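Hey, can you work out the whole structure from these sequences and the hints?
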Amino acid sequence: RKEVEQDPGPFNVPEGATVAFNCTYSNSASQSFFWYRQDCRKEPKLLMSVYSSGNEDGRFTAQLNRASQYISLLIRDSKLSDSATYLCVVNNLLDTGRRALTFGSGTRLQVQP
Amino acid sequence: DGGITQSPKYLFRKEGQNVTLSCEQNLNHDAMYWYRQDPGQGLRLIYYSQIVNDFQKGDIAEGYSVSREKKESFPLTVTSAQKNPTAFYLCASKLAGGKSEQFFGPGTRLTVL
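Going line by line, the protein sequences match chains A and B.
Quick note on my numbering: the first sequence kicks off at 1 and runs consecutively.
Quick note on my numbering: the second sequence kicks off at 114 and runs consecutively.
Quick caveat, the hints were computed from the structure, so don't treat them as lab data.
Computed from a prediction, not measured in an experiment: that's the story for all the values here.
Below, a list of computed lysine-lysine pairs in the DSBU-like style, where the Cα atoms sit at most 30 Å apart:
| # | chain 1 | residue 1 | chain 2 | residue 2 |
| --- | --- | --- | --- | --- |
| 1 | B | 127 | A | 42 |
| 2 | A | 45 | A | 2 |
| 3 | B | 196 | A | 42 |
| 4 | B | 184 | A | 45 |
| 5 | B | 170 | B | 196 |
| 6 | A | 2 | A | 42 |
| 7 | B | 170 | B | 127 |
| 8 | B | 122 | A | 45 |
| 9 | B | 196 | A | 2 |
| 10 | A | 45 | B | 170 |
Stretch by stretch, here's where chain B covers chain A in the computed footprint (C-beta under 8 Å, at least three residues):
| # | region |
| --- | --- |
| 11 | 44 to 50 |
| 12 | 103 to 113 |
Built from N, CA and C at the ideal position, the CB exists for glycine as well.
Rendered as structure tokens:
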């Protein structure tokens with residue numbers, strides 16, 4: 001089982017639609033969670049951190065369910081510029097005793113006019 | 114401007130040659146990371162360094178080597194022992210602490226012919 005699993009998509013949605021992505025993680029000791037956005041052939045950039053109580057940033061809402069070990073990202077009123085790959089990222093404890101980020105393989109979103 | 118730079122953006126090498134990818138940051142970040150990304154896959158951690166003169170293997174360190182002689186610099190050498198070196202290589206850095214944001218450089222796309 002992968003440490004961080006995401007549906008690869010693609011999710012093809014019309015402009016203005018609401019779309020939701022889920023991500024599951026296997027390590028119950030994971031402490032920090034993030035959503036990154038990656039445009040084609042570019043580097044990932046932080047979209048938002050995910051807090052236990054859930055958090056919202058404009059059209060984007062992130063939620064964490066520790067009991068079920070999943071994270072979600074909701075995008076409302078989709079824009080063409082939202083088209084990208086969304087990476088679910090978890091901060092895990094490595095065998096060395098140190099922490100490092102583990103990345104999901106990403107969910108591709110294509111917003112269509 | 115503060116940021117992370119990687120050079121070159123595109124790199125072509127013949128099979129059997131070692132090649133060194135550059136990564137420099139002027140963000141005064143303590144930790145630096147090297148990832149590899151293959152098409153349709155998530156980022157996989159190659160090496161990371163939490164402090165100068167110290168570095169740790171990530172999930173796929175075989176065939177790679179790094180050094181961290183200066184806080185600002187974390188070069189990655191792809192050796193001839195790496196069986197499938199063609200990939201997109203991303204360098205990242207962050208402040209110490211689990212919840213701080215990890216910033217990425219623009220990446221180097223390495224093609225081994």
